[in-house]
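Asks: Read left to right, the sequence shown gives residues 298 to 425 (the working numbering).
Hints in this document: simulated from the structure, not taken from any laboratory. Owing to the predicted nature of the structure, the values given are computational and were not obtained by experimental measurement. Each statement offered as a hint is correct.
List of simulated lysine-lysine pairs, DSBU-like, C-alpha gap at most 35 Å: (1) Lys343 with Lys418; (2) Lys351 with Lys335; (3) Lys351 with Lys418; (4) Lys405 with Lys335; (5) Lys351 with Lys405; (6) Lys418 with Lys405; (7) Lys408 with Lys351; (8) Lys335 with Lys418; (9) Lys405 with Lys343; (10) Lys408 with Lys343; (11) Lys408 with Lys335; (12) Lys418 with Lys408.
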Amino acid sequence: MTHDEIADLYRGYIACLNSQDWVNLHRYVADDVQHNGKCIGLSGYKSMLVEDFKAIPDLSFNITRLVCEPPMIASGLTFDCTPIGNLFGLPVNGTRVQFEENVFYEFKNGKIQDVWSIIDKAAIAAQI
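I would like the entire structure built from these sequences, with the hints used as guidance.
Replies: Written as structure tokens, this is what we have:
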């Protein structure tokens, strides 16, 4: 894949997440996708995302940085949201929080194969 192809595919993936278009998630994510070194498969990945939207009804993925070096993408994502209950083990309970996630994706055969994600939990803890 070229730089432009992988970047366009990634932007389509983020649009898919933001619209919660779970029927089409398979167009972007491999059946045997890994998350932070653990093979969770497409169904596990989808379940993780569905749970994220349950915990954060106003969740929106916003790309702030994007670096492409096929087959890899490094992305900085920002969030400005109001989670209900606990979030990443923190008692947010409806407090509006802003935080970032840094994610590396590896694509294989035109789909996301591996995801490595780090969320700035310290930023969330400082706001509650």
